[in-house]
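Colleague: With the hints as your guide, set chain B onto chain A.
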Amino acid sequence: MKWLFFSFAMALSTTASATVNVFACEPEWSALAQELGGDKVSAVSATTAFQDPHRIEARPSLIARLRNANLVVCSGSELEVGWLPLLLQQSGNARVQPGSPGYLEASQYVVKLEVPRVLDRSMGDVHPGGNPHIHTDPRNIAKVAAAMAERLAQVDGANAATYRSRAESFDKRWKEATARWEQQAARLKGVPLVEHHKGFTYLISWLGMREVGDLEPKPGIPPTTSHLAELVQQMKQAPAKMIVYSSYDDPKAAQFLSQRTGIPSVMLPFTVGGSDRAKDLFGYFDDVVARLLAPLQ
Amino acid sequence: MSQKKWCAAALTAAACSAQAQTSDEVKRLEERVQQLEQSVQQSQAQAASRTQSESAFNPAVSAILNGVYSNLKQDPASFRMNGFVPTMGEVAPPPRGLSLGESELGFSANVDHLFRGSLIAAIQPDGTGVDVEEAYIQTLALSNGFTIKAGRFFSAVGYQNQIHAHAWDFTDAPLVMKAFLGGQLNEDGVQVKWVAPTELYFDVGTELGRGAQFPGATAGKNGAGSVNVFTNLGGDIGASIAWQTGLSFYQTSPTDRAYDDPLNGITNSFTGSSKLWALSGVLKWAPNGNNTVTNFKLQGEYFKRKENGDLTFDPTGAALTDGYRSNQSGWYVQGVYQFMPQWRVGYRYDELNPGTTTIGLVDSGALAPSDFPILADYKPKRHTAMVDWSPSEFSRVRLQLARDYSRQGETDNQFFLQYIVSLGAHGAHKF
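As they're listed, the protein sequences go chains A and B.
Going by my numbering, the first sequence opens with residue 1, and the numbers climb by one from there.
Going by my numbering, the second sequence opens with residue 298, and the numbers climb by one from there.
Chain A extracted, bound-state conformation (with noise of 0.2 Å):
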């Protein structure tokens, strides 16, 4: 009984805030949601650039904050698989449970790459849904924007004003930096290169690169050294510009690829905070377009 009374004693000590909680899975939709939501939101990210979001343990830290949270919004496309569904159930809140407007995944919004024809484990880890790292084309941010901005209205109806009006500004001014990052990145187009993990596809897309290889052998797979040595002699004959991981790989990969084939290495950050430069959604675009504009001076 003593517990009880020391629980809920605790519970009338924590007062209900008026600003929304915005639980997001990943960095780069916290980042958007502080972007639409201005001080009428308090978001923050279940994980980090410096982490990877497949392989994230349902910690107590993350069930305490979905606990109190109003929106949910995460990737998707099963990306949270191993992790968010536990979270979910823990928390007892009722607001963010699937199919509640309190929940929302990005990836529903954009139209997907690499969607599997064919689903078999033994080729990794594929999402049934398709890439689900959906965030490293701008585009793609601009459609989840609109749809995140819906929500807030939504979740928060007294605001909903103030979400739209700072979502048609954001949109305006994230096109206008979309236009400049493509023409700064023009020089992209048609450039070879290897990546670590398939998470940068959308980036590719976007850009007109062409992935010639991947450090993993099969998504999810660390690399090995056999497959690192094919990756060499595929090098050789047709050199990639550069080798791409991101901020939450182990780069002894991409370095002893670079170190044995000359080619040069990048670390691009994964999402919004991976990098000192990008510390929210337009500084990550930036840093992202000069890093791999780096080896082509």
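Quick caveat, the hints were computed from the structure, so don't treat them as lab data.
Cβ coordinates follow ideal geometry from the N, Cα and C atoms, glycine included.
Please note that the accuracy of each hint is not assured.
[What the hints assert, rightly or not] Stretch-level coverage of chain B by chain A, calculated; a stretch enters the list once three of its residues show a Cβ under 8 Å from a Cβ in chain A:
1. 412-419
2. 436-442
[To be verified] Mimicking DSS-like on lysine-lysine, the simulated pairs with C-alpha atoms at most 25 Å apart in a straight line are:
3. B:324 - A:189
4. A:175 - B:324
5. B:678 - B:572
Modeller: Structure of chain B alone, referenced to chain A:
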């Protein structure tokens, strides 16, 4: 721009305009190609969307397969933990040689907007049938941090008891689970849990159960046969460390809970109260919270049990009854370190403390201590080391070595080589 300048300087106006036209045309063509690509993608996405079918609402189905090769110095049929009442549960090591472990079948899905259902059945390799490990419904739509579970589920006693065997870090259960829970305790009952609205994770809950399984024994009464109350506290320390501690108190009143003494073959039975405290702690470390390359998990539990009641010696024969009182405990601590992707090593130390056991029939002189040989004072211990390789999230091969001092005077050297794979739906694992 540069092209235009070059044109103006070097070529006639006609040639220039022809060039400008072609580059305009190329641009237009590129735009059209892009539009086409987009419409192709969209139509592909539409084509991928579901058509009507009966199977569309099939639950998530998964199967766990596992097999083990065991090389044991002692015959597993003689397994016992001296100093402790035999649980009559499945606590012995797997049989010598090659054997198939339990094959698990799991189904889970949302029932409707209010409930989620889950069924996990274990198919026994020896053809003795199918055990229902878990079969429960859970609420989805309760708010304010409440969830209710009903059915059969792994009881919230300690930490590892709530985790399915295929997700354990070692091939077998810690000795405390073997001695105090009869392996793994699943209760038929109801669980209510509340998660506090605090930044630090805090939950409190209670379970009312049937109490039919060790440490309980069916009393055939209308009320709850067992009550468990539990609380957990957890949080993060920086980005790299996550922790959780738990405390639970389980109480049951077994009636005629019988055990066969493996040392003299006599059956005895206990009626009274059994109380079990479990304190657990888990700490997980990964650099920046990224567990793909290296990570470390430290886990430990302390169990304490008090039993008080009557012990009947040989109920079908002599049938002598007098008081019985025991105060026993045990603990283990284990660490598992992933030193490179796919590879982990681990070590576990187990110890049981027989504490004090008072047997009325012995104190009164009616019987001698040698009539209860398994209850004689002894401290079981075990050292376990393992290395495992997990090529993907769905498969694991493990080698485990143990030196087990559970039997008094007989050291068991154990060697296990085990595989565990999961098919089908991608399961989510508890912290």
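Colleague: Now look at each hint and say whether the structure bears it out.
Modeller: Okay, the hints, checked on the actual structure:
1. 412-419: violated (count 1)
2. 436-442: holds (count 6)
3. B:324 - A:189: 14 Å, holds
4. A:175 - B:324: 20 Å, holds
5. B:678 - B:572: 23 Å, holds
Of the numbered hints stated above, the single one contradicted by the structure is hint 1.
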